[in-house]
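Position chain B against the provided structure of chain A, taking the given hints into account.
There are 2 protein chains.
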Amino acid sequence: VTRDADALLGKAGAGDRAALARLLSMVERGGDAAREVGAVTHPRGGAAYTVGLTGAPGAGKSTLTAALLGVVRGRAERIAVLAIDPSSPFTGGAILGDRIRMHEHATDDGVMIRSMATRGHLGGLALATPAAVRVLDAVGWPWILIETVGVGQVEVDVAGAADTTVVVLNPGWGDAVQASKAGLLEIADVFVINKADRPGAREARDDLERVLDLSSPARRPEVLETVAETGEGAAELWEAVSRHRDDLTRSGELDRRRADRLRDEVAALVAERVLERARQAADGEAFDRLIDEVQARRLDPWSAADELLGSAPTSGR
Amino acid sequence: VTRDADALLGKAGAGDRAALARLLSMVERGGDAAREVGAVTHPRGGAAYTVGLTGAPGAGKSTLTAALLGVVRGRAERIAVLAIDPSSPFTGGAILGDRIRMHEHATDDGVMIRSMATRGHLGGLALATPAAVRVLDAVGWPWILIETVGVGQVEVDVAGAADTTVVVLNPGWGDAVQASKAGLLEIADVFVINKADRPGAREARDDLERVLDLSSPARRPEVLETVAETGEGAAELWEAVSRHRDDLTRSGELDRRRADRLRDEVAALVAERVLERARQAADGEAFDRLIDEVQARRLDPWSAADELLGSAPTSGR
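If you're matching them up, the sequences are chains A and B in order. Under the numbering used here, the residue at position 305 of the first sequence is numbered 305, and the numbers go up by one with no gaps. Under the numbering used here, the residue at position 182 of the second sequence is numbered 1182, and the numbers go up by one with no gaps.
Chain A with its partners taken away, still in its complex shape:
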């Protein structure tokens, strides 16, 4: 299988989109397939820069992504997009009949858009996303934009696991507070108030500044305004992203962040491996007997986990 992954990587590196798509599918599938792809792509990566883009449903993330693609292409740079928002027009938009602003980019060699579907396999998005980034990195995409919906524990974490994370808000009282509750504050490197031509943009910015005052982050995120529909502010947003990149690079913080992410990823891979083993054991008679005991309430789930791990005494009952 490694030979397959290697051959596909060779083709994908030469610009074969079908080969690239197959590699990304292997990564989505998880398990051994993802592992083989990871083994051949990891040694060739490190040059790509990842940008996370997240916000509430309806905040205009996809429209903003389209505007940013225009900016990046205007600079003759290449960019790949991983869209992880189930409500994104990129994700099955054709079925929905949604206007797909990406059509203008569909035949552009400098743009690659991929929607990620990972429901159902172990680890899911949290493991598939860095693996997909690794593939895109290995075949030479210099910018990778990861668009996720900013609701949901996994989705917020995935967007936060980029080199620079952009959080999209809208005018509307309380949006900054909502963002803080959804955990978006901690992950934001840059804030953008999109739909800034609507009433309340100024109040949204004030709200946000107040929330930032209260939370006093180590590095205060820049706050930008955009009207993604018209492209207004998109160039300035990209400049803010580039400034953040320069800061991270100069300070050495980029390497530290990436090392932290690798730590988390390796720990998650360890957990996935063990969970897989536990699930396999879950087909066995011993596991069935344990579950019967738990269901009969003679054993609690924690003690059952201990017995499966075969290590700790079944204390705490």
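Among these hints, one or two may not hold up.
[Said to hold, decoys possible] Partial list, computed: chain A residues near chain B (C-beta under 7 Å):
#1 Pro57
#2 Val270
#3 Leu308
[To be verified] From the derived model, a few chain B residues whose C-beta atoms are all more than 10 Å from chain A:
#4 Arg1017
#5 Glu1222
#6 Ser1242
Note that these hints are calculated values from the structure, not bench results. No experiment lies behind these values; they were computed from the predicted model shown. All residues carry an ideal CB built from backbone N, CA and C; glycine is no exception.
Chain B in isolation, oriented as in the chain A frame:
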């Protein structure tokens, strides 16, 4: 600590809300505290019935929950609500100044509303929710309603892990297709089209029926209509939930579902335990050296995970 949990459980069982709140906080914290609470609550549970309620942000889940509380209280039954939607008015609604429809229930001994905040601890919502259900069950709440936002891998799974899961849609072309993409179709036992007084309710129902025709589930969910703002249809929705409960109970499916959920929970606890160990190991020098190797791209993350597990050869490089 077990003695603490035991004492708190005694008080909570006698109606002490502060003691109940402390037990739920221990569960949210995860780790050993959650374990101790689980050990004392698990043996005393089994009588409660859980209802999941989920749907897109803005679908009217909280208003519908309030309407259902009215129905349940009208039948002189007691019900507890776990609100896991970060945008729910229950969750920090006071800060937001949101109209809180729950005020009418705030002084009612037959209603308990708790918002769950679990970001940041291992396992998170997926482990904290069944543990919180176990607490409420052990102190005698007969109905437990779990409200989650239907976006996000973890959140959808949590709502789907109830005895009966209600998925809330709205009039609006494509909502049924969106729900199917978000994985809501697979978990729905009952569908409700809320805001059914708005244009497009009929089309939404037709859409949904077509999507159900295509997916042909083993047990076709009932489709109800409500106007949560006025309470219209809430009684009928609760009857549909009760019918589903009767069906599950009569067919023996309820026990099977619960056993499957226990399997998943025990497997997840095993994974959490091992992830915790891996994170602890992540403080060690050996882990640091491995991460250095991964960052230098001499080792891939999967092989690093293997070395940490100390079991498999570091193949696949």
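Outcome of the hint check:
Satisfaction of the interface hint for Pro57 of chain A is found here, the shortest Cβ-Cβ separation to chain B being roughly 6 Å, below the 7 Å cut-off. The closest approach between the C-beta of Val270 of chain A and any C-beta of chain B is roughly 4 Å, which is under the 7 Å cut-off, so the hint is satisfied. Taken as an interface hint, Leu308 of chain A checks out: its beta carbon lies about 5 Å from the nearest beta carbon of chain B, inside 7 Å. No beta-carbon of chain A is positioned within 10 Å of the beta-carbon of Arg1017 of chain B; the least distance is around 23 Å.
Listed as a non-interface residue, Glu1222 of chain B keeps its Cβ farther than 10 Å from every Cβ of chain A; the least gap is roughly 24 Å. The claim that Ser1242 of chain B is not at the interface with chain A holds, since no C-beta of that chain comes within 10 Å of its own (minimum 24 Å).
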